[in-house]
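**Student:** Sequence:
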Amino acid sequence: MENRTARLTILIDPQKKKIFEEICAAKDLTSSQVVRRLVRQYIIDNAGNRELPDWLKPGTKNGD
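All letters in the sequence shown, in the order written, are residues 1259 to 1322 by this note's numbering.
Among the clues, some could well be false.
[Stated by the list, open to error] Using 30 angstroms as the maximum straight-line C-alpha spacing, the simulated DSS-like pairs for lysine-lysine come out as follows:
{"id": "1", "residue 1": "K1285", "residue 2": "K1315"}
{"id": "2", "residue 1": "K1285", "residue 2": "K1274"}
{"id": "3", "residue 1": "K1275", "residue 2": "K1285"}
[Unchecked claim] Simulated restraints, written as ranges between beta carbons of each label pair:
{"id": "4", "residue 1": "Q1273", "residue 2": "D1312", "range": "15 to 25 angstroms"}
{"id": "5", "residue 1": "D1271", "residue 2": "N1307", "range": "19 to 29 angstroms"}
{"id": "6", "residue 1": "A1264", "residue 2": "L1287", "range": "19 to 29 angstroms"}
{"id": "7", "residue 1": "P1272", "residue 2": "E1309", "range": "33 to 43 angstroms"}
{"id": "8", "residue 1": "D1312", "residue 2": "T1263", "range": "30 to 40 angstroms"}
{"id": "9", "residue 1": "A1284", "residue 2": "N1307", "range": "19 to 29 angstroms"}
{"id": "10", "residue 1": "L1266", "residue 2": "L1310", "range": "15 to 25 angstroms"}
If you're looking for bench data, these hints aren't it; they were derived computationally from the structure. Where is the CB? At the ideal position from N, CA and C, for every residue including glycine.
All chains, full assembly: derive it from the sequences and hints.
**Tutor:** Below is the structure:
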């Protein structure tokens, strides 16, 4: 599991942000939880030959 957090700032169209936050809320998730899941999956899908830590390997729970 990660030991620290780092801030990731993104710019997004206000209308997309509003819809995204509404969908997250409807699923009882925060936007940060959803973005972390998306980033985790992107890393898994695109890691290539990189060695991933055990907690980041497919099929493991990361505690979002």
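**Student:** Going back to the hint list, which numbers does this structure go against?
**Tutor:** 4, 5, 8, 9
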